[in-house]
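Asker: Spelled out from the first residue to the last, the chains are:
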Amino acid sequence: MNLFLEAFAWIFSPDRLEGDALSLPANIGLHLWYTLVSVLIAAVIAVPLGWWIGHTGRGRNVAVVISGMARAIPSLGLVILLVMLMGVALKGPAAIVAFVVLAIPSILAGAYSGIDAIDRRTLDAARAVGMNSWQVLLRVEVPLSLPLLIGGLRAAALQVVATVAIAAYVGLGGIGFFILQGIQTRRFDQILGASIVVVVLALAIDAVLALLQRVVTPAGVRIRLTQARAAAVATA
Amino acid sequence: MTWVIDNLGLIWSLTLKHLAQCAVPIILGFLLALPVGWVAHRYTRVRGVVLSVVGVLYAIPSFGLFAVLASLFGIEYLSPTNLVVALTIYAVALMTRSVADAFDSVDDDARQAATAIGYSPVRRFFTVELPLAGPVLLAGLRVAAVSTVALATVGILIGVENLGYLFTNGSQRRIIAEVLAGVVAVGLMAWVFDLILVALGRVLLPWNTQAPRAARTRRVATA
Amino acid sequence: MNLTRRFALAALTAAALALAGCASSDPLGGSSSTGTGPSGSAAPSGTIVVGSQAYYSNEIIAEIYAQALEDAGNTVERKFNIGQRDAYMPALESGEVTLFPEYTGNLLQWLDKDTTATGDDDVYAALQAAMPDSLTVLDQAPATDQDSYTVTAAFAAEHGLSSIEDLAKVPNLTLGGPPELQERPYGPTGLKSIYGVDVTFSPTADTTVDELVAGGIQVGNVYTADPRIATDDLVVLKDTKNIFLASHVVPVVNKDVADKIADTINAVSAKLTADALRELNKESTVDEKSAPDIAKAWLADQGLAG
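Chains as they are written, first to last, in the numbering used here: chain A, 1 to 236; chain B, 1 to 223; chain C, 1 to 306.
No wet-lab data here; the hints were simulated from the structure.
Where a beta carbon is used, it is the ideal one built from N, C-alpha and C, also for glycine.
Watch out, some of these pointers could steer you wrong.
Simulated restraints on C-beta separations [said to hold, decoys possible]:
1) Val192/B - Leu85/A: 21 to 29 Å
2) Gly190/C - Leu212/A: 44 to 52 Å
3) Thr2/B - Leu211/A: 47 to 55 Å
4) Arg120/A - Thr2/B: 38 to 46 Å
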């Protein structure tokens, strides 16, 4: 009880509001900003690509292999590497490139597996009714694939939040800054306090996206997500 | 490149440490995920709760989990134990869902046939369900193994020496080759793990994966 | 799913807080028995266990000591890159590690937060007094690796800067350094109270020198043994009001082995000058040589090998 009380005392101490760019609220904001920007950029790249793969069926094997390989990339290493390669003046952009690279695989997988999960009979029916390829994609495949797509966005967002915390090592700011500083100054209340903040932040984002996932499931449609995931995972 | 050649010894010793730190979480994670995932599969009422809890655990950022673990379980914060416990939790969280899905994917007909010819539940589990769930279990294990190898590098931030050392040391000395060597070494190690698991799969599970047709009819979007 | 999720979260949190009662001991720098850094076994008697920080420069010095001891006929075990003081001080106190290269000023501040000593000899004396019972320090080396406030030569020329006091006349300064600098007495708060200098702090960590050179920050906390001070044309501002403690390289040893190794180690320390240390660091960062190679070459050069 002791440790958690001290941690909460640290979080809610008025000292946390001092320091402009280095205050806790500012760093939380920065952390969220990096997450949002990175996931958005990754989505712009991965979603159309994923839809194309799901719709045409082409390139799926390549996508699956790339998703698998991307899981093997150590996030701390990637961030440090890119910042060193691109130079300190471009520290922010370099970090964002790293975050985007880490976010793309989940979003890509979400996009194409979302379309894969659709019953072929529904698609046949759409074509039977006279829809052309584009109409099938936009009016049937995309809406029905949204739940899994958002699932992919959710996984990507969590991956990025965790990586932004670690990226504090290269001086990027964010909540990880407080954890690192706490380690260096031997202040466990700070380490635990900042850790709790980043955990709560991640869980909040997870909850919001989970809610979005439910909202977006079209009324009356029940997709057996587990089966789709099993299939997606088994072919990985 | 010369840096890599000159420091192969260092890279190798770090790789061995890394291996030791990853082995326990992967194996233990798998063993723990089996019963938990099976319960989620078997008892549909608790499935939601179990998968939610596991989902929540996986959502927790690693850098934040360490301090929480240290506080809850009295583990030393800056220690290999802390890293291994955290990695195990992530491995269990990752694999529980695929264990549940794996047992879900076992054709009910096969189960019923086994019961029909007189298998006890235990015998049915070990001789029918587990082998048939094998391919999906293996897929989940592969994902968890690769993720664990990559994630373990974060340990360097809490003072645990493994391949992550190449990142922080390379950052201090501004030697790009060292950082790159670390990234590549981790990637290679993950790949080797994956190859070994695939080979293991071919040896232990020489039959095909679940019938695609059976799987498809279950992916139903009922309008 | 939403309700189940909330229920699950609530259950987890409740369980967590309930369990938290079990752990009220300090998770930092407690006993070394739960596996801090080096794993618990003590080395066979007669073996000197040399440790080092997770700092490449410290690793070189540790390697030099280790090789010097081996040349003198001792058995040496290396436990390098142990990390923070919280991790290795317990190991030192318990005897798991018996020799560790440290820095007088920084170690003194860690042992005695409120120390007022700042000069070379004062700090050394205060450190000797503050050492835990089982440990002692041998002779300090001439080499220092302490914090400094450094600017580029161009910036110094532009604003006529030679000491830290001169910074007071420059507006809009950004100071870069490790995250901990913000909380240190010699950090931004100290700069304000002792020198009257206002700075915004930016946690630049390993990229401090790069940022300084690129102009992202104007003042950097650069360690005095950093070879880039020379290679990148940087100017260390004079610390006229002693905001920084003098911090010389000093070997911390377990009292049990102190007598055995004092002569060997002191001979090595005597030759370790500030310039020498900078040169050693340069071989690591610019020439990218490994610590063992650097140590071997240096010991041979100094006539201390074999």
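Asker: Hints first: check each against the structure and report whether it holds.
Answerer: Results for each hint:
1. Checking the proposed 21 to 29 Å range against Val192/B and Leu85/A shows it holds: the Cβ atoms sit about 26 Å from each other.
2. Between Gly190/C and Leu212/A the C-beta distance comes to about 48 Å, which sits within the given range of 44 to 52 Å.
3. Between Thr2/B and Leu211/A the C-beta distance comes to about 54 Å, which sits within the given range of 47 to 55 Å.
4. Distance hint check: the CB atoms of Arg120/A and Thr2/B are about 56 Å apart, inconsistent with the given range 38 to 46 Å.
Checked against the numbered hints above, the structure violates only hint 4.
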